[in-house]
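Peer 1: Numbering (our numbering), first residue to last: 23 to 451.
Because the hints were derived from the structure by calculation, they are not lab data. Predicted model only: the values in this text are computed from it and were never measured. Warning: the hint list may mix true and false statements.
Computed spacing ranges between beta-carbons, pair by pair [what the hints assert, rightly or not]:
(1) F164 to G445: 17 to 23 Å
(2) A351 to D292: 23 to 29 Å
(3) V451 to D292: 20 to 26 Å
(4) G278 to F164: 43 to 49 Å
(5) G324 to E430: 38 to 44 Å
C-beta atoms are modelled at their ideal positions from N, C-alpha and C, and glycine is treated no differently.
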Amino acid sequence: QAPREGGISGGRGKTERFGAKEWLFLMWGAGLAAGFFLLGLRAWRTWRLVRGSRPLVVAELEGDPGWIPRLDLDGIGLRESDELSSPAAWGGRRPCVILPVGLAGKLSVPQLRWTLAHEVSHLRHGDWAVALAQAVCGWCCFFNPAVWVASFAASALRERACDEAAVRMTGIPPKDSASGFLRLVEWSQAHVSFRGSMMPGLSLEGRTARWRLRGLLHGITPPRQSSVMMAAILLALLLLLPSFRSGFAGNLPAHGEIVRLQAQVADLEDRLQRKSDREARAELNRQRASRRVALDAGFYDGGQRNAIETIYQEARKKLSTAEKEESYALLATRYPRANRTGCAMLFSARGASGVLRERRLREVITEYSDCFYLDGTSVGGVARLVLARDLLAAGRKDEAAGWLDELERDFNGHLDHEGNPIGEAVEAV
23 QAPREGGISG GRGKTERFGA KEWLFLMWGA GLAAGFFLLG LRAWRTWRLV
73 RGSRPLVVAE LEGDPGWIPR LDLDGIGLRE SDELSSPAAW GGRRPCVILP
123 VGLAGKLSVP QLRWTLAHEV SHLRHGDWAV ALAQAVCGWC CFFNPAVWVA
173 SFAASALRER ACDEAAVRMT GIPPKDSASG FLRLVEWSQA HVSFRGSMMP
223 GLSLEGRTAR WRLRGLLHGI TPPRQSSVMM AAILLALLLL LPSFRSGFAG
273 NLPAHGEIVR LQAQVADLED RLQRKSDREA RAELNRQRAS RRVALDAGFY
323 DGGQRNAIET IYQEARKKLS TAEKEESYAL LATRYPRANR TGCAMLFSAR
373 GASGVLRERR LREVITEYSD CFYLDGTSVG GVARLVLARD LLAAGRKDEA
423 AGWLDELERD FNGHLDHEGN PIGEAVEAV
């Protein structure tokens, strides 16, 4: 019986064993399931976007409608959607090209022709089906870095191939093609993008956009050189190194034109960054204003806070200066610790002149420097800035310099009434 027990025990140990291979298989299965779920979600989003788009009548486009048949658009629907920030195409039983609403009116006729020719090329090449198969293969082998590198390279080469096909179909010079592509980049970055669809379209982000812009400027790549580039990519994939080299040929436009377009791209990126920084500063100062308003609850009850807001808003509506000053004085007398009182007193000071104006500005600085308008404007910062400008105008440069130094030290991140950083206003002064 002892051997039998040992055999049973050994059998149980063998059936309960779960090795590394089994765990790896489970991890692969989980990743595959997650990947196919994401693919299904993207397919649903694509279907919803196509279904929600609206037909676009050819006559609404600028230029001669006669060029539409020359683009081989027979059987391909033209549609528009406000959920896209760049053109896209979708195949299947009812192939269509979808443009963002309003884009057609922003492009010149050559630029619009090149854009539509690019999207039609996606449909003629069957890129929607290739992209779907590429995504399926990518998730089946998601554990292999070479698959992701190859997928990125294939997507970039598809876009480049459609760029060249659009140039051949329309005969547009490289300069006009590059200008149209740059206009699409500007449009895409200025509008909200619908992400998560499966439609091939103009890839307008990052290094791919810059690579394609250079390609358009340098002209169409000969087949032999494209083959060399593909061979280099395959060799890099074998080594699992994501380093690619692309060749360019054709007659180069003037160097100055290339520099100008590249400078436009750099300027666009800089303006977008400044816009993002401005929005972040505004949100930070709105939070500061909210925290200061919340402090009023420690001094006044709900009824009093409502009365403060009512008096303040009514004062803003009054036409005569005397009536405004009467309301401002009422706030200062009854509710001296309220945030709105600081805003009102700054209005009062800026409306005065001469010695009275200076005295009131100094009172605001002393009593209400921590107050904010609800849009994030700093009462203390603006009062100091106005006083410094007045002192400079009066020739009192030393006093003005002291206030400007204080602004740079304590109010550099605060905003003025126009939403500009006070630090920039100090530099201008």
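Peer 1: Please go over all the hints and tell whether each is borne out by the structure.
Peer 2: Okay, the hints, checked on the actual structure:
1. F164 to G445: 17 to 23 Å: violated (48 Å)
2. A351 to D292: 23 to 29 Å: violated (47 Å)
3. V451 to D292: 20 to 26 Å: Roughly 25 Å apart at Cβ, these two residues keep to the hinted range, so it holds.
4. G278 to F164: 43 to 49 Å: Because 46 Å falls inside the window, the suggested range holds.
5. G324 to E430: 38 to 44 Å: holds (39 Å)
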